[in-house]
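Letter by letter, the chains look like this.
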Amino acid sequence: MSEPITALGKDLIGLEPLTREQILSILDTAEPFKEISERRIKKVPVLRGKTIVNLFFEASTRTRVSFEFAEKRLSADTVNISSSGSSVVKGETLVDTARNLEAMRIDMVVIRHGASGAARFLAERIPSNVVNAGDGSHEHPTQALLDMLTIRDHLGDLEGLKVCIVGDVLHSRVARSNIYGLLKMGAEVGVCGPPTLVPRGFAELGCTVFTRVEDAIQWADALNVLRLQLERMQGGYVPSLREYNRIWGVSSERLERAPKDILILHPGPMNRGVEIDSDVADGPHSVILNQVTNGVAVRMAVLYLLAGGRPETAEAAKGGAGS
Amino acid sequence: MSKILLKGGRVVDPSQTLDGVRDVRLVDGIVAEVGADLDGSDDTRTVDCSGLVVTPGLIDVHVHLREPGEEHKETIESGARSAAAGGFTAVCAMPNTNPPIDDPAAVGYVAAQGRRAGAARVYPVGCISVGRAGERLALVGEMVEAGAVAITDDGNPVMDSGLMKLALQYAQTFGIPVADHPEDITLSARGHMNAGLMSTRLGLSGKPNASEDIHIVRDLLLAELTGGHIHLQHVSTRFGVESIRQAKARGVHVTAEASPHHLILTEEAVEGYRTDAKMNPPLRSPEDRAAVREGVADGTLDTIATDHAPHHYDEKEAAFADAPFGIVGLETALGLVLTHVVGEGVIDLPTMVERMSCHPARTFRLPGGSLASESAADVTVFDPIATWTVDPSAFVSKSRNTPFGGWKLKGRVRYTIVNGQVVFEQ
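Residue numbers (my numbering), protein chains in the order written: chain A, -9 to 313; chain B, -15 to 410.
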């Protein structure tokens, strides 16, 4: 079976293997797709006849729904398979799940899995396009793409911008994808949090490492605040959520001491009062809901490009600014 | 009466500082004589060894044969035959089976199955602790009487330093080494690969060098304290090698292994989440590999052992974090070491024989390791220039899990002779 060569290749596993030009082409392709979701009839025939499986081995609401809207607004036929917790469904291995799906002649799989490398594992074993919707602590490329699109919407060209990721960077696939993507786009990337969750190794990836959130706030143009998982406290990485908020929480009091206004992003779901205070999340510089809106457009762009669409014809493919 | 005459090979036997073209006569399970232009009588099988290398039989002191309990991965019989196919005349079977080899009956079972296999000799190794639970000493004396040649809780490190001290004291009665898989699991238990830039990139939790170094240093201190013999398994870190070097210099009774994979590969092999490069200790940095090579060259690491760890292909066909640790090694070890360790000038051929035969025999007090007359007639004959390509589907072992599939190697086994009988030839 020969695969069409697309602007992205067969799969989107992560941003680390992509070039600056490929990332730029996804962001630019997302621009015209934004408008589809603003129409009264939110549907274009770009992926008509394509079958897409959303294979979610981990609980997810936002990402799964965002992919599903993107697929449906492009007229694809979609099936959702969900199983939280373990890496197998009813004892079936990941490879058997993949082979069974493939036997039903599908075109694309969107996979979320708790093990790093699971998306690549699947992509190497089936001819369908595979989109990584988050694999373990490895990558979550569409999240980083929508983060970058949102920053670009508000601050312009990413080149030279300073973006700091705050929180549990160690276990975060969102952090890794943002680091790879932003560095390729010419931004400077900071990472900030307790050294138990931001170990020294991240400097080797090209990041500036901050231990004090006050220092990160002095430095940054934008903060991407990560959710602190409850199990990190149980795992002993931080002694308590209260202490975490006291020392690393992004509060309006801390932001007021910044030399400039700082754009606030959060991949969700938020723990209000832990990593981010409500007045920041709901404040004038928060673009958290813009991220969610952009998520649908970015995922449309990714699906369109993997299906063989070209960036320069995206505008025509979706039928101009419709009804 | 069985008589074999190995004619005209390059005989490399460091135990008698011999390296030259000689004939070797084997009679009734022992080496009868080594000399020039020996004649064979009519009832002698004469083997033309011209162009071949003849050495004391290779001995692998660290293999997992999986029986009892995981016979779908390997059996004592398939493992013993795999060993013979790799040029090994003897192997030491680790006790982390199910149930574990922690009493004399179990030791006797492994020994009997080994004899029944009729290939490489199989020496049982017993557990340090009952059930490998790390709590109290197993029946060490009775296991030795039943044939155990060493004790170890391999697979599990001994986390309780007090128990390790007792083991090092108690084992001295029997003159056997206490072998340890040095790893502080409080630092590494959830790790799947070396801790470093690569693990950060791949989003996999890592096992830092420190987790191995801390237990190497602890074991050395305990051996020094007790006067016991510690045998450190599969050393993979630069600090570990240096610590052993210093301990040997101050007279601590320590012996130590390097594995072919730690001599040849680095963590780069994990790229792409390759589960066939997942092992414990993990493949480490180029600096660590260089230190392991230096250790093997200067004798700090006196033994090369494979840590042969068969796993079923279904188990390795999984996400990296879900796959088990370990690779098979018996059938690739000689070719890998000849091509990439001897071939790259790390050690010469006699040193290789020392590390893979003479020294292991001395450390574990096994027959073999020498072609001096009256020695056991355990001999390996290989072609040092024949090239071949590693084809895992052709392995004699029941398992195929190797990162070396498709590698072109120089140096191939021709005859494996155990107790005067040819148990493998090709």
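Simulated from the structure, these hints should not be mistaken for lab results.
Where hints are given, some of them may not hold.
Partner residues are not named here, just some residues of chain B that face chain A (Cβ under 7 Å, in silico) [what the hints assert, rightly or not]:
id, residue
1, Leu181
2, Thr184
3, Leu186
4, Gly187
5, Leu188
6, Phe223
7, Tyr257
8, Glu301
9, Ala303
10, Pro308
Keep in mind the model is a prediction, meaning the values are calculated, not measured.
Even glycine gets a Cβ: it sits at the ideal position worked out from N, Cα and C.
Quick rundown of the hints versus the structure:
Checking B/Leu181 against chain A: minimum C-beta separation of about 5 Å stays under 7 Å; hint holds. Annotation: interface hint on B/Thr184 holds; nearest CB of chain A at approximately 4 Å, less than 7 Å. The interface hint given for B/Leu186 is met, as the beta carbon of that residue sits about 6 Å from the closest beta carbon of chain A, less than 7 Å. The interface hint given for B/Gly187 is met, as the beta carbon of that residue sits about 3 Å from the closest beta carbon of chain A, less than 7 Å.
Among the interface hints, the one on B/Leu188 holds; its C-beta lies about 5 Å from the nearest C-beta in chain A, closer than the 7 Å criterion. This hint is violated: B/Phe223 has a C-beta 18 Å from the nearest C-beta of chain A, more than the 7 Å allowed. Hint status for B/Tyr257 relative to chain A: holds, with the closest Cβ pair at about 3 Å, below 7 Å. Against a cut-off of 7 Å between C-beta atoms, the interface hint on B/Glu301 holds, since the closest Cβ of chain A lies about 6 Å away.
Interface hint at B/Ala303: satisfied, since its Cβ lies 3 Å from the closest Cβ of chain A, which is below the 7 Å cut-off. The closest approach between the C-beta of B/Pro308 and any C-beta of chain A is roughly 14 Å, which is over the 7 Å cut-off, so the hint fails.
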